[in-house]
Amino acid sequence: MSLHAALEGAQWFFLAYVVLLHLAYFALDAVSIHVIGREVEATAGNVLPVAFSGLEPPITLLVPAYNEEATIAASLWSLLQLEYPSFEIVVVNDGSKDRTLQVLVEEFGLEPFPEAYRVSIPTRPVRAIYRAARFPTLRVIDKENGGKADALNAAANASRCPLVCVVDADSVLQRDSLQRIVRPLLEDATVVAAGGTIRLANGCRVSEGFVEQVDLPRSWLARIQEVEYLRAFLFGRMGWSPMNALLIISGAFGVFRKQALVEAGGYRTATIGEDMELVVRLHRLHRLQGKPYKIVYVPDPLCWTEAPESLKVLRGQRIRWQRGLLESLAANRGLLFHPRGGAPGWLAFPVMLLFEAVGPVVEMAGWVLSVVAVLLGGISWHAVAALLAAALGLSVLLSVSALLLEEMSFHFYERPRQSLVLLAAIALENLGYRQLTAWWRLQAIVQWASRRKARWGTMERTAAWQQGKKG
Amino acid sequence: MGSAPDPELLVRVALAIGLTSLVLAAGTVLQILAMRRRRLRRQARVDRFLEVWRPRVYEAALGEPPRVLPPLAAEDDVTFLLLWNQVQEGLRGPPRAGLNQLARMVGARVIALRRLDAADPTARLLALRTLGHFGELEDFWRVAAYLDDRSVPIGLAAARALAHIDPARAADVIWPRLLLRRDWPMAQVASMLREVHATAIGAALVRSLPDLAPPELQRLLPLVALMDDARADVVVSTLLATSEDPDNLAGALRHARSPALLDDVIRLAAHPAWPVRTQAAAALGRLGGPPERALLTRLLGDKQWWVRYRAAQALLAGRFGGREEVAALAGGLTDRFARDMLAHALAEGGR
Chain A
1 MSLHAALEGA QWFFLAYVVL LHLAYFALDA VSIHVIGREV EATAGNVLPV
51 AFSGLEPPIT LLVPAYNEEA TIAASLWSLL QLEYPSFEIV VVNDGSKDRT
101 LQVLVEEFGL EPFPEAYRVS IPTRPVRAIY RAARFPTLRV IDKENGGKAD
151 ALNAAANASR CPLVCVVDAD SVLQRDSLQR IVRPLLEDAT VVAAGGTIRL
201 ANGCRVSEGF VEQVDLPRSW LARIQEVEYL RAFLFGRMGW SPMNALLIIS
251 GAFGVFRKQA LVEAGGYRTA TIGEDMELVV RLHRLHRLQG KPYKIVYVPD
301 PLCWTEAPES LKVLRGQRIR WQRGLLESLA ANRGLLFHPR GGAPGWLAFP
351 VMLLFEAVGP VVEMAGWVLS VVAVLLGGIS WHAVAALLAA ALGLSVLLSV
401 SALLLEEMSF HFYERPRQSL VLLAAIALEN LGYRQLTAWW RLQAIVQWAS
451 RRKARWGTME RTAAWQQGKK G
Chain B
472 MGSAPDPELL VRVALAIGLT SLVLAAGTVL QILAMRRRRL RRQARVDRFL
522 EVWRPRVYEA ALGEPPRVLP PLAAEDDVTF LLLWNQVQEG LRGPPRAGLN
572 QLARMVGARV IALRRLDAAD PTARLLALRT LGHFGELEDF WRVAAYLDDR
622 SVPIGLAAAR ALAHIDPARA ADVIWPRLLL RRDWPMAQVA SMLREVHATA
672 IGAALVRSLP DLAPPELQRL LPLVALMDDA RADVVVSTLL ATSEDPDNLA
722 GALRHARSPA LLDDVIRLAA HPAWPVRTQA AAALGRLGGP PERALLTRLL
772 GDKQWWVRYR AAQALLAGRF GGREEVAALA GGLTDRFARD MLAHALAEGG
822 R
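Protein chains in written order, with our numbering: chain A, 1 to 471; chain B, 472 to 822.
If you are wondering where the hints come from, they were derived from the structure by calculation, not from laboratory data. It is possible that part of the hints are untrue.
[To be verified] Residues of chain A placed beyond 10 Å of chain B at every Cβ, according to the derived structure: (1) 67; (2) 80; (3) 102; (4) 126; (5) 176; (6) 212; (7) 218; (8) 244; (9) 309; (10) 321; (11) 361; (12) 367; (13) 408; (14) 428.
[To be verified] Here are the computed distance ranges between Cβ atoms for each label pair: (15) B/802 x A/136: 23 to 33 Å; (16) A/51 x B/591: 45 to 55 Å; (17) A/207 x B/533: 22 to 32 Å; (18) A/259 x B/533: 48 to 58 Å; (19) A/207 x B/497: 31 to 41 Å; (20) A/175 x B/683: 30 to 40 Å; (21) B/498 x A/119: 25 to 35 Å; (22) B/613 x A/232: 42 to 52 Å; (23) A/111 x B/729: 31 to 41 Å; (24) A/119 x B/497: 55 to 65 Å; (25) B/498 x A/23: 17 to 27 Å; (26) A/415 x B/497: 45 to 55 Å.
[Unchecked claim] With a Cα cut of at most 27 Å, we get these calculated DSS-like pairs of lysine-lysine: (27) B/774 x A/258; (28) A/294 x A/258; (29) A/97 x A/143; (30) A/97 x A/312; (31) A/143 x B/774; (32) A/291 x A/258.
From the three backbone atoms N, C-alpha and C, an ideal C-beta is built for every residue, glycine too.
From just these sequences and the hints, can you work out the full model?
Here it is, written out as structure tokens:
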């Protein structure tokens with residue numbers, strides 16, 4: 001085979017890969033459109049006041065905090081106002097180097113509490129446990145730094161409720177998010193975990209700890225991430241859920257049956273993507289043991305979080321996410337094509353592996369090979385332009401279909417200016433942003449393959465929206 | 472891609488994919504704009520409707536004589552049902568007569584009957600709720616048909632409406648569904664039954680008790696919380712005497728209220744399953760007295776955290792001496808786990 005033929009063959013492979021990748025997501029998109037109709041039915045009762053019976057299972061909110069002095073008090077004030085009949089909050093100060101603990105002590109009047117602390121899941125040593133004098137349902141565990149997974153395990157140890165809900169210390173929930181996310185666990189005893197929708201708070205107006213007015217972020221970097229979040233949640237999650245093949249529940253907002261969490265051994269501390277790893281592990285353990293279970297996505301409970309507004313922070317986040325994905329899949333590779341793997345093992349896992357884990361390698365190799373092929377005279381520039389047009393067209397169609405799902409479900413962005421901004425962000429995403437994030441993800445793959453130690457890095461948050469200002 | 476590759480074919484295929492995708496994307500944008508236009512037009516109509524009708528519905532809720540009402544267009548009838556039900560269900564007590572009078576003036580019952588088969592699930596739900604508030608006996612079987620709707624909110628709304636229309640007859644049709652509809656969350660069922668008094672359902676549970684399989688019984692046991700003491704005691708004592716299922720024993724102990732059950736509770740405090748011991752410890756806190764103090768002190772040293780915790784809380788429930796006495800007991804304990812747990816419960820303030 002001549003070099004020219006090999007180069008052209010590579011171009012065909014690249015085109016086929018891009019088409020297949022998008023077809024997989026269009027299939028999820030189609031499932032999501034169907035699911036949205038069902039969700040409208042399931043949530044029909046939400047238009048009327050909710051009457052609690054007192055039989056709702058109590059929930060422990062697990063709130064890990066590391067250097068969160070800027071946002072922790074506001075977040076907790078909003079959590080304390082959630083509408084749910086019975087819940088407690090366990091905050092874990094995971095060896096913060098800033099004034100997180102002092103802020104908590106001062107704001108909530110914490111007092112040392114002689115807790116008979118139970119270690120169901122081993123963690124780094126606990127230094128002290130506090131309880132809020134004014135809010136007996138709020139406890140704070142002060143422990144040595146062990147990372148987010150370790151902090152969540154410590155909080156789960158202290159939980160006294162059958163359900164636990166993981167919430168990031170810098171996130172904001174809707175008042176009714178808790179009662180909505182818990183719905184599938186009340187209706188079906190086999191549901192072991194449920195995840196909600198994460199939306200970007202950048203640009204929103206937050207008052208008294210709750211989002212009062214939704215708007216798009218001001219920076220283009222965050223606007224493009226808004227489009228990514230729409231895709232990720234409106235069909236990335238919604239599409240997998242009916243097949244019981246959801247492999248990710250965001251660490252910012254998800255609810256678990258504590259018994260399932262403890263029996264699985266809690267969060268894995270040796271991974272940087274503890275949220276995804278736990279969900280993939282729950283699938284693996286339940287599937288391989290033949291235990292009935294469901295892991296579901298519920299679209300309407302919302303959690304608002306802040307997206308990075310600088311390239312440096314975004315790079316760190318994307319490297320973490322990619323490494324987390326690789327670690328989660330590698331740690332649970334026994335699920336892949338296992339005879340009892342079902343939809344997670346035969347569908348979701350291969351798709352994640354082929355298009356998300358390996359995707360950056362193929363994408364970057366495709367572009368590098370195209371340039372090389374042109375320079376060597378193997379293919380023409382207009383062939384590369386045509387490939388780019390195909391990739392761009394498919395990507396734009398996929399993102400626009402996410403806007404369609406947004407219009408069918410939440411319809412937060414209905415002003416013409418917002419629509420134009422989102423369409424511009426969709427176009428811009430393909431002109432540099434996508435390639436940049438693919439490059440970062442490729443770096444993450446190299447780091448992971450070379451067993452370089454993962455670091456959390458610092459998530460610099462402006463938290464301007466928490467003060468009620470525009471982000 | 473064979474032995475004689477055609478470079479132009481790659482260009483043509485890629486361009487065709489790109490252009491087709493962009494055309495479809497443009498079509499999708501147009502569809503979004505059309506949907507949004509329809510939705511905003513609908514919303515504007517709802518806003519105009521609420522501006523006119525909200526004051527009238529609130530006046531009716533306050534018992535003020537109704538004003539002359541504007542005609543209610545067919546397009547607005549679901550909005551009316553929504554507004555009327557929201558006000559109706561936000562109220563407590565008697566002023567509902569005014570609201571019902573207003574609903575009769577606009578023919579809300581006829582609207583609700585018409586909307587029972589609407590494609591929109593919210594319209595169906597509002598129709599069922601409205602018929603429940605009207606409480607007309609002749610609507611009973613029409614509403615009962617929706618008990619088996621596959622949608623949980625619709626099925627529960629039908630059950631609730633039936634219980635409003637005729638509580639006694641409703642129990643006969645709701646009870647079999649409670650057994651069948653495992654997707655009905657018990658918390659919502661309880662909320663519905665609490666609103667309409669669960670006496671008849673309680674009687675049905677007592678009657679069916681011997682025939683229920685352990686998983687069914689476990690699912691329905693929380694309803695004992697809604698029963699009067701006499702019926703609850705029948706259910707609990709029957710289970711404590713006959714059941715071997717640990718989940719059901721623990722569930723029954725959770726609802727033990729009568730001192731006559733104390734012997735069973737003491738016996739089950741030594742059960743091999745820790746959830747049973749946990750609930751036995753909690754029940755001792757409600758039913759026991761000074762003679763059971765030694766048993767609770769022993770349970771403080773149980774290997775399970777939850778048994779120790781409930782035993783400590785039980786000791787502080789007030790039936791085994793004051794806080795000082797319990798604190799003194801803590802000082803005398805040699806088991807570190809028992810001592811820590813009692814200190815924990817003392818710091819919580821007892822329950």
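**Request:** Please work out if residue 97 of chain A and residue 312 of chain A have their alpha carbons no farther apart than 27 Å.
**Result:** Between residue 97 of chain A and residue 312 of chain A the Cα gap is close to 21 Å, so the pair holds against 27 Å.
**Message:** According to the definition I'm using, a residue is off the interface if its beta carbon is farther than 10 Å from all beta carbons of the partner; does residue 67 of chain A meet that for chain B?
**Reply:** Nearest chain B Cβ is 29 Å from residue 67 of chain A, so the label holds.
**Request:** Take a quick look at residue 80 of chain A and tell me if its Cβ sits farther than 10 Å from every Cβ on chain B, holds or violated.
**Result:** holds, 19 Å
**Asked** Do the alpha carbons of residue 774 of chain B and residue 258 of chain A lie within 27 Å of each other, as the hint requires?
**Response** holds, 20 Å
**Request:** For the range 17 to 27 Å, tell me whether the beta carbons of residue 498 of chain B and residue 23 of chain A fit it or not.
**Result:** holds, 18 Å
**Prompt:** Does 22 to 32 Å hold as the CB distance between residue 207 of chain A and residue 533 of chain B, or does it fail?
**Reply:** For residue 533 of chain B against residue 207 of chain A, whose Cβ atoms are near 31 Å apart, the range 22 to 32 Å holds.
**Item:** Cβ distance range 48 to 58 Å for residue 259 of chain A and residue 533 of chain B, holds or violated
**Value:** holds, 50 Å
**Request:** Hey, is residue 321 of chain A genuinely clear of chain B, shortest beta carbon separation above 10 Å?
**Result:** holds, 26 Å
**Prompt:** Against chain B, does residue 212 of chain A keep a CB gap of more than 10 Å to every residue?
**Reply:** Label holds. Min Cβ-Cβ 19 Å, cutoff 10 Å.
**Asked** Non-interface claim for residue 176 of chain A: all C-beta distances to chain B beyond 10 Å?
**Response** Fine: 15 Å to the nearest Cβ keeps residue 176 of chain A off the interface.
**Asked** Taking the CB of residue 498 of chain B and the CB of residue 119 of chain A, does the distance hold inside 25 to 35 Å?
**Response** violated, 58 Å
**Request:** Please confirm whether residue 428 of chain A is truly not at the interface, meaning its C-beta sits more than 10 Å away from all C-beta atoms of chain B.
**Result:** Its Cβ never comes within 10 Å of chain B, the nearest being 15 Å, so this holds.
Violated hints for the displayed structure, listed by number in ascending order: 13, 16, 21, 26.
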